[in-house]
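Start from the sequences and build out the full structure, keeping to the hints where you can.
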Amino acid sequence: MRQSDLQKSIEMALENAGLSTREVTPFMRKQQFELVEGQAYVVAGLMPLNSDSNTLYLQARGSSTKWNPLSPLAIEDFGPFSNPRKSVLLSNLGEIPLSSEFDIAALVVYVGEVYTTAHQKKQWVFVTDGSVSELGSEEASNSLLAISFCAASVDDSFAPVNYNLKGSIVGFVNLIKREKDQMNHLWVAEATENSEYFFSFDPP
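Residue numbers (our numbering): 1 to 204.
Rather than coming from a laboratory, the hints here were simulated on the basis of the structure. Please read all numbers here as calculations on a predicted model, not as lab measurements. A hint or two may mislead.
Computed list of lysine-lysine pairs in BS3-like fashion (alpha-carbon distance at most 30 Å, straight line) [unchecked claim]:
#: 1; residue 1: 180; residue 2: 121
#: 2; residue 1: 122; residue 2: 166
#: 3; residue 1: 122; residue 2: 180
#: 4; residue 1: 166; residue 2: 180
#: 5; residue 1: 121; residue 2: 86
#: 6; residue 1: 66; residue 2: 86
#: 7; residue 1: 166; residue 2: 66
#: 8; residue 1: 86; residue 2: 122
#: 9; residue 1: 121; residue 2: 166
#: 10; residue 1: 86; residue 2: 166
Pair ranges (Cβ atoms, derived) [as the list claims (entries may be wrong)]:
#: 11; residue 1: 38; residue 2: 61; range: 20 to 26 Å
#: 12; residue 1: 199; residue 2: 45; range: 38 to 44 Å
#: 13; residue 1: 159; residue 2: 66; range: 31 to 37 Å
C-beta atoms are modelled at their ideal positions from N, C-alpha and C, and glycine is treated no differently.
Printed below as a string of structure tokens:
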């Protein structure tokens, strides 16, 4: 198909869908705009979807949503509200604030069974690294991280962590730090829909 014919076909498809080239082109251009983690933005044109006790969910609306970075001078007027994700060891996990994201490479020591509670499917994975092996006995007791994976019980896309990962070094990305389990001396983290894990781990 010639380029001119292809262009006409695209324009006809857009017209049939009730869209014009003018409306679509800025949107496509917008998709190439990369947000920087840790940068503060003024965002206009968002649409509220829903909320729970901790999170307000908003939806971007294509070209009508504007992301404008704040200047360094303007950022100084804000208190610390964001903690850019960091790659950590278990020995310095205590330095990461609660509810902050972090990455870690660790040895999987146990993969739990998937179970259902209320309206959720859950699975726990326990990992460790060598960063606390030379510390005192009190610190060494904090050498395990329990990672919670969960999804709605009706979510058929939930893929359990494979039991064969036990004994492997795995990279976990975008984990959320949760309250420590003081009774069992465990660090605790939550994997969300933004979390990933893989064998080849390159710290950011």
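A quick look at each hint next to the structure:
no. : hint                   : in the structure
1   : 180 <-> 121            : 21 Å, holds
2   : 122 <-> 166            : 18 Å, holds
3   : 122 <-> 180            : 18 Å, holds
4   : 166 <-> 180            : 23 Å, holds
5   : 121 <-> 86             : 28 Å, holds
6   : 66 <-> 86              : 27 Å, holds
7   : 166 <-> 66             : 45 Å, violated
8   : 86 <-> 122             : 25 Å, holds
9   : 121 <-> 166            : 20 Å, holds
10  : 86 <-> 166             : 24 Å, holds
11  : 38 <-> 61: 20 to 26 Å  : 24 Å, holds
12  : 199 <-> 45: 38 to 44 Å : 40 Å, holds
13  : 159 <-> 66: 31 to 37 Å : 36 Å, holds
The structure is inconsistent with hint 7 alone, although it conforms to all the rest.
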